[in-house]
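Q: Please construct the entire structure, taking both the sequences and the accompanying hints into account.
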Amino acid sequence: MVMPMPLLAIENSTDHGGLAILDGTRLVAERNWIELRPHRAALFEELRKLLDEAGLRADAFDVFAVGAGPGGFAGLRMSMALAQGLALPGGAPVHAVSSAAVIADAALRESSARRVAVVGDARRGRVWLGVFARRDGGPEHIGEWELLPDADALVGRLAAQEVETVASPDADAIPELLTAATAGRVWLRGARRPSAAGLGQLVQTRRAHDIASEPLTPVYLHPAVTVPPRFP
Amino acid sequence: MNILGIETSCDETSAAVVRDGRQVLSSIVHSQIAAHRPYGGVVPEIASRQHVEHLPEVLAEAVRGAGLEWSQLDALAVTYGPGLASSLLVGLAAAKGLALRLERPLIGIHHMEAHLYSAFLGPKAPAWESVMPCLALIVSGGHTLLLNVEAPGRYRLIGQTVDDAAGEAFDKGASLLGLGYPGGPAIDRAAREGGNPGAVLFPRGFPRKLHARFADDVDPNACFSFSGIKTALLYHLRKYPPGRDGNPAVADLAASYQEAIVDTLVTRTLTALGRNETLVVAGGVSLNRRLRELLAAAAAARGFRLLLAEPAYCTDNAAMVAGLAAHKQSPTLAESLALDACPSVEFG
Chain A
1 MVMPMPLLAI ENSTDHGGLA ILDGTRLVAE RNWIELRPHR AALFEELRKL LDEAGLRADA
61 FDVFAVGAGP GGFAGLRMSM ALAQGLALPG GAPVHAVSSA AVIADAALRE SSARRVAVVG
121 DARRGRVWLG VFARRDGGPE HIGEWELLPD ADALVGRLAA QEVETVASPD ADAIPELLTA
181 ATAGRVWLRG ARRPSAAGLG QLVQTRRAHD IASEPLTPVY LHPAVTVPPR FP
Chain B
233 MNILGIETSC DETSAAVVRD GRQVLSSIVH SQIAAHRPYG GVVPEIASRQ HVEHLPEVLA
293 EAVRGAGLEW SQLDALAVTY GPGLASSLLV GLAAAKGLAL RLERPLIGIH HMEAHLYSAF
353 LGPKAPAWES VMPCLALIVS GGHTLLLNVE APGRYRLIGQ TVDDAAGEAF DKGASLLGLG
413 YPGGPAIDRA AREGGNPGAV LFPRGFPRKL HARFADDVDP NACFSFSGIK TALLYHLRKY
473 PPGRDGNPAV ADLAASYQEA IVDTLVTRTL TALGRNETLV VAGGVSLNRR LRELLAAAAA
533 ARGFRLLLAE PAYCTDNAAM VAGLAAHKQS PTLAESLALD ACPSVEFG
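Line by line, the protein sequences give chains A and B.
First residue of the first sequence? That's 1 in the numbering used here, and the numbers climb one at a time after it.
First residue of the second sequence? That's 233 in the numbering used here, and the numbers climb one at a time after it.
By construction, these hints were calculated from the structure, which means they are not laboratory data.
Incorrect hints may appear among the rest.
In silico lysine to aspartate or glutamate, EDC-like type, Cα no more than 16 Å apart, as pairs [stated by the list, open to error]:
no., chain 1, residue 1, chain 2, residue 2
1, B, K560, B, E289
2, A, K49, B, E335
3, A, K49, B, E567
4, A, K49, A, E30
5, B, K560, B, D306
6, B, K356, B, E542
A: The following block contains the structure:
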């Protein structure tokens, strides 16, 4: 059972940022915006507006939820640092879950599939793949994040993982690849971006099932350094 | 007034609590040197990843170490630039979260001004108003500059490096000599192992108008150039590999290379000193023992006051950020939240 507990959700993994306040699983207020600037400074002003609209202070929350990506590093790092800054003084927990799991959660609610794949543009000529299975405590990430070079490789992995449904936050960026790779499967068309409200609801569900937070670091698909060390 | 400072401009994750601008109640620095050492320099992406991972614990430890509750903090301060953009953003985001949560002002601090202020931290340091006007040399891995400090907050840049910073030259030189990273301490240590500073005469990097592009309003005679020294070392090593045929040993090369950098710094600084009665020296390279020796000797000979930051506050740290913030006006909450990272903001 989900206990009523004020939660602030921060989802900033894409250009479509979002903040949501939930009381238990009930959505109290939310703000969504589009920001293309690399510094993602809108997050803070949007948070202030959200608090004003909800008539709440920043010390009102018992738990913070943050989307961990995959996605833009600047936005992910800022949302994690912001959540930690908000949480530290009161000792409230920060619960991270991948933004792809939020997309998968919405996709599983929309279909009857047992498994759903979330596919995104990983840049550098790659797509990323995360496969999620339907569970009571929300989507469970099966296996590891995968980086794949092309549609053929993606087709092979979708078949091997017995994926029935595919969703992507980057459908606008990789439409041909998705069209080619999802033949014979259900493709939830359009860009399926993670929402802050969805993130908050998923975190409340996970907490109700005693599922621990994922690591409080962004999902890093590429290594930090691509050159060999000079002093190994 | 208790201020919590945050510093994440480069490769140190740091938080500190300073009371009334001078009394350092806590100063926590999580060094990332081990993570960057294999690459011979700071890797921005590694730095950002490390900041995200370590900042929360560093913040909690700073407040615990100060013996305070979070509610006893009166303000927050954070470095907004110059520095690595992706690293600055982590510190800024955490600081804004704390400012919102605690309903306290967040004061943005210029990294170079904080380095300057580091010489005024601690019980033995003079009040900074008492030594002005003065000349300041700020010398680190990313910066080498000379400032006329007319009053707190009133600075005039009179000289700077036209290419590499002194600390960068140390890093590159240490890499060429196989001494590892960070280069400053490595070369300092190697030079102390019986190295002869006169074994090789490396060029002193005095930029000339003919070759260098100077920023507006700086004095070419107060500017530095360190890229030539590194190139000279590279060619020397190719021609005279250390340890062969009586060639200078690594300790001699380290001492000679260090001497060229330090001599350049000291000569330019003393030229720029003019009638100033006080010279303030701050930044990571100010830990170099040969630099300290030569400056102390010059101060004794010429009769000026030499003010060096305490060793704990020479490299990047948040105590200098929190200390300086006590002298700044408190912004509104809206202004605090609008503070943005400025990776290449000028100074002076």
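Q: Which numbered hints are broken by the structure, listed smallest first?
A: 1
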